[in-house]
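Number of protein chains: 2
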Amino acid sequence: MTFEAKIRRFVITASQSAGFRFKSESSPDGLPARAGRFATAHGEVQTPAFMPVGTQGTVKAVSPAQLREIGPEVILGNTYHLGLRPGDALVARLGGLHRFMAWDGPILTDSGGFQVFSLSSLRRIHEEGVTFASHIDGSRQFLSPERSMEIQRNLGSDIVMALDECPPGQLDRTKLEASMARTTRWLARCRATELLSHQGLFAINQGGTHLDLRRDHLDQILELDAKAPFQGFAVGGLSVGEPKEAMNATLAEFVRELPPDRPRYLMGVGTPEDLLFGMEQGVDLFDCVLPTREARHGRLLTSRGKLNIKNARHREEDRPADPDCGCYACRTFSRAYLHHLFRAGELLGSTLNSIHNLSYTVGLTRAGRQALLEGRFPDFARRTRELWNTEEP
Amino acid sequence: MTFEAKIRRFVITASQSAGFRFKSESSPDGLPARAGRFATAHGEVQTPAFMPVGTQGTVKAVSPAQLREIGPEVILGNTYHLGLRPGDALVARLGGLHRFMAWDGPILTDSGGFQVFSLSSLRRIHEEGVTFASHIDGSRQFLSPERSMEIQRNLGSDIVMALDECPPGQLDRTKLEASMARTTRWLARCRATELLSHQGLFAINQGGTHLDLRRDHLDQILELDAKAPFQGFAVGGLSVGEPKEAMNATLAEFVRELPPDRPRYLMGVGTPEDLLFGMEQGVDLFDCVLPTREARHGRLLTSRGKLNIKNARHREEDRPADPDCGCYACRTFSRAYLHHLFRAGELLGSTLNSIHNLSYTVGLTRAGRQALLEGRFPDFARRTRELWNTEEP
Numbered sequence: 000m001t002f003e004a005k006i007r008r009f010v011i012t013a014s015q016s017a018g019f020r021f022k023s024e025s026s027p028d029g030l031p032a033r034a035g036r037f038a039t040a041h042g043e044v045q046t047p048a049f050m051p052v053g054t055q056g057t058v059k060a061v062s063p064a065q066l067r068e069i070g071p072e073v074i075l076g077n078t079y080h081l082g083l084r085p086g087d088a089l090v091a092r093l094g095g096l097h098r099f100m101a102w103d104g105p106i107l108t109d110s111g112g113f114q115v116f117s118l119s120s121l122r123r124i125h126e127e128g129v130t131f132a133s134h135i136d137g138s139r140q141f142l143s144p145e146r147s148m149e150i151q152r153n154l155g156s157d158i159v160m161a162l163d164e165c166p167p168g169q170l171d172r173t174k175l176e177a178s179m180a181r182t183t184r185w186l187a188r189c190r191a192t193e194l195l196s197h198q199g200l201f202a203i204n205q206g207g208t209h210l211d212l213r214r215d216h217l218d219q220i221l222e223l224d225a226k227a228p229f230q231g232f233a234v235g236g237l238s239v240g241e242p243k244e245a246m247n248a249t250l251a252e253f254v255r256e257l258p259p260d261r262p263r264y265l266m267g268v269g270t271p272e273d274l275l276f277g278m279e280q281g282v283d284l285f286d287c288v289l290p291t292r293e294a295r296h297g298r299l300l301t302s303r304g305k306l307n308i309k310n311a312r313h314r315e316e317d318r319p320a321d322p323d324c325g326c327y328a329c330r331t332f333s334r335a336y337l338h339h340l341f342r343a344g345e346l347l348g349s350t351l352n353s354i355h356n357l358s359y360t361v362g363l364t365r366a367g368r369q370a371l372l373e374g375r376f377p378d379f380a381r382r383t384r385e386l387w388n389t390e391e392p
Numbered sequence: 000m001t002f003e004a005k006i007r008r009f010v011i012t013a014s015q016s017a018g019f020r021f022k023s024e025s026s027p028d029g030l031p032a033r034a035g036r037f038a039t040a041h042g043e044v045q046t047p048a049f050m051p052v053g054t055q056g057t058v059k060a061v062s063p064a065q066l067r068e069i070g071p072e073v074i075l076g077n078t079y080h081l082g083l084r085p086g087d088a089l090v091a092r093l094g095g096l097h098r099f100m101a102w103d104g105p106i107l108t109d110s111g112g113f114q115v116f117s118l119s120s121l122r123r124i125h126e127e128g129v130t131f132a133s134h135i136d137g138s139r140q141f142l143s144p145e146r147s148m149e150i151q152r153n154l155g156s157d158i159v160m161a162l163d164e165c166p167p168g169q170l171d172r173t174k175l176e177a178s179m180a181r182t183t184r185w186l187a188r189c190r191a192t193e194l195l196s197h198q199g200l201f202a203i204n205q206g207g208t209h210l211d212l213r214r215d216h217l218d219q220i221l222e223l224d225a226k227a228p229f230q231g232f233a234v235g236g237l238s239v240g241e242p243k244e245a246m247n248a249t250l251a252e253f254v255r256e257l258p259p260d261r262p263r264y265l266m267g268v269g270t271p272e273d274l275l276f277g278m279e280q281g282v283d284l285f286d287c288v289l290p291t292r293e294a295r296h297g298r299l300l301t302s303r304g305k306l307n308i309k310n311a312r313h314r315e316e317d318r319p320a321d322p323d324c325g326c327y328a329c330r331t332f333s334r335a336y337l338h339h340l341f342r343a344g345e346l347l348g349s350t351l352n353s354i355h356n357l358s359y360t361v362g363l364t365r366a367g368r369q370a371l372l373e374g375r376f377p378d379f380a381r382r383t384r385e386l387w388n389t390e391e392p
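Residue numbers (numbering that gives the first Met the number 0), protein chains in the order written: chain A, 0 to 392; chain B, 0 to 392.
So that you can see chain A by itself, here it is in the shape it has in the complex (with noise of 0.2 angstroms):
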């Protein structure tokens, strides 16, 4: 046996013992806010972190080498995508997705349950699983608790999410307990069926913003828990339609009651504001196609707020994005050539764009990180919220 694979084995090994054990390093005196980490096969993850979103087998516009550059510690994968287009059996036979899309880091899979909800259309959802018709061609697709974690069996993920009913933002409470009822039959069969060795499973809490709800469904994941561990625990079903401060004041509520050791994981969010506010609640991940989806139409994250690229006052301007960021399209380009690349349609432009507003996410939890185990998490709180208000782009 090699040495390298020796070293694999170890790890493996002991992130299967350790069974992706969240280990808390920092948690300021009297907030939720923590920093950690946990083992997966493919590496450590510290938290809290930021996952680009690779949809399609890809972080949009960007390579695993420039991904490698930005540094994020696990990224996240689409199953329902991927299991249409190439779909997952191919990607098993050809290793995995992470020799598939080149990336040797952690990958998170979703369940699929939500792009069901969300893209496709002709949906009906039985006790048994959803049938709906693919996005792409048409063609008769179903999805169950089984078939989405036989995909992302077939992809390899270190991190695999239980499948859940995703409610719409607004349903009412009764109907909304019914669907989590459903998500909670669903986690039980979820958690009955094999994954791989490597594999940890996440529960998703949903709920909406009803706390009383979330509480029960947390109850009842719980209870399953206690028969046979998950390795992480998500709140699904917010940045769906509701406002803001009911997302806000749910979180503020809510995730302090998730069980301290293990990650904790704020599904599809979110903006840098939501990021932050997610990091003082005691989130450890996050996801959102948002810094990528920017990118592509030229509008950048930075540390004094948002810039829309494409505007005039860009045209000669000679400074980087983000004179505060060292990530490659900064230390290398004027907002005078983002600006002529925008307007010209080259690609460069989205993969410039994109790597920049990835750095700035992932910097920005990289950065709360630090300031947790600095013990000045507040303060940075503050300051990185004065700074988005008070300086022009």
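FYI, nobody ran anything at the bench for these hints, they're computed from the structure.
The model shown is predicted, which means the values in this text are computed figures rather than measured ones.
It is possible that part of the hints are untrue.
Note: identical chains are not told apart, hence a pair may lie in one copy or across any two.
To be verified - Straight-line alpha carbon distances no greater than 30 angstroms define the calculated DSSO-like cross-link-like pairs of lysine-lysine that follow:
1) K226 to K243
2) K22 to K305
3) K59 to K309
4) K305 to K243
5) K243 to K59
6) K174 to K226
7) K305 to K226
8) K305 to K59
9) K59 to K174
10) K226 to K309
11) K309 to K243
12) K305 to K174
13) K22 to K309
14) K174 to K243
15) K22 to K174
16) K226 to K59
On the provided structure of chain A, position chain B as indicated by the hints.
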């Protein structure tokens, strides 16, 4: 003065004193093929060399860092495009094209003539210059020898191309002769226009596939050259729709008649077959959009011939695009992955395909140069052609 600045000053001085002098390093017995080198302020160019095209201040879909790894000796920028957008005066205010696009190697800029004659509408040619409507916004524009020199001076390229009239492929002899005479008068005006001290001017020979007209035009150019030498000679007006056999017959006779002590540049050529044939005739420099354009359409150039990554037979193919290629795309990803990226419409597909096609094309001229230096060029050319034709890609 910093050490780096000293080095830069030394290089500029060296190149000025050398006056772009072409140093022939090898020439197989009885063949016009040759390896050589010449100095510019931004580094030495080793020939034969293929120049990737950076139309709008970026080689499409590829970052300067990725381009550096691909390793071209010199790249091309477009005077027509950059003069219209973002504007050459703006590029000058921002420190020139090298700094604007973050490419510190040699840059050749074309004269803008070819694009005026192929892209713009409402074109009117006078002795003074050409008026035309911008393809971007229809605005009225003017290009003359002096204006072309001004744009290229503002861009600060290392190699400046003289403005020529670009006649259509099958123009009759009388009209072609009149056009060539105007090109000669324009060449004299280009020569009379001041350039930056580090810039070298290349003259362009026209004459279609008429060998006698080519020779007449070369005589006119050499008359000007005797008064104030050009730094290189280009063969223009080929690969513009005439039959391939006619182009090759012209090159086979004419290239060897160009002055041997200056670089010879075959403009807008071409396919791997064209590059190999051109190298055999003694061409030193090539440029073409083909590698990057084909890449964006999923067509890959390989040592075993062309390959269409869209084809279903690549869907499950674990091999790299070209097993003989060491580029980032080939050493990192399978054909199945490239096929998936193309089908899914992911930008990374264009980037990886472009990296490969440019690596292949730049590598072909680099390998040709090496074979020339080692005295095995005829064998190299024969084996390269055999491989293209005998195996399935």
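How the hints compare with the structure:
Neither within a single protomer nor between protomers do K226 and K243 lie at most 30 angstroms apart by alpha-carbon distance, with minima of 36 angstroms and 75 angstroms respectively. With identical chains, the CA atoms of K22 and K305 are never at most 30 angstroms apart, being 34 angstroms at best within one copy and 53 angstroms at best between copies. Taking CA atoms no more than 30 angstroms apart as the test, K59 paired with K309 passes in both settings, with 20 angstroms inside one copy and 19 angstroms between copies. Within a single copy, K305 and K243 get their C-alpha atoms as close as 18 angstroms, which meets the 30 angstroms cut-off; across copies the closest is 53 angstroms, which misses it.
For the identical chains of this complex, K243 and K59 are intra-copy neighbours only, at 27 angstroms inside a copy versus 40 angstroms across copies, given an alpha-carbon limit of 30 angstroms. Proximity of K174 and K226 under a CA criterion of 30 angstroms is satisfied intra-copy only: 28 angstroms inside one chain copy versus 90 angstroms between copies. In this homomeric assembly, K305 and K226 never come within 30 angstroms of each other (Cα to Cα): the closest approach is 47 angstroms inside a single copy and 58 angstroms across copies. In the homo-oligomer, the alpha carbons of K305 and K59 lie at most 30 angstroms apart both inside one protomer (20 angstroms) and across protomers (27 angstroms), since each shortest distance falls under that limit.
Taking CA atoms no more than 30 angstroms apart as the test, K59 paired with K174 passes in neither setting, with 36 angstroms inside one copy and 51 angstroms between copies. With identical chains, the CA atoms of K226 and K309 are never at most 30 angstroms apart, being 55 angstroms at best within one copy and 49 angstroms at best between copies. When the C-alpha separation of K309 and K243 is checked against a cutoff of 30 angstroms, the pair qualifies only within one copy, where the shortest distance is 28 angstroms, while the shortest distance between copies is 44 angstroms. When the C-alpha separation of K305 and K174 is checked against a cutoff of 30 angstroms, the pair qualifies neither within a copy, at 38 angstroms, nor between copies, at 58 angstroms.
Within a single copy, K22 and K309 get their C-alpha atoms no closer than 44 angstroms, and across copies no closer than 46 angstroms, so neither meets the 30 angstroms cut-off. When the C-alpha separation of K174 and K243 is checked against a cutoff of 30 angstroms, the pair qualifies only within one copy, where the shortest distance is 22 angstroms, while the shortest distance between copies is 71 angstroms. Proximity of K22 to K174 under the C-alpha cut-off of 30 angstroms is found in neither arrangement, the shortest distances being 37 angstroms within a copy and 82 angstroms between copies. In the homo-oligomer, the alpha carbons of K226 and K59 never lie at most 30 angstroms apart, since the shortest distance is 39 angstroms inside one protomer and 55 angstroms across protomers.
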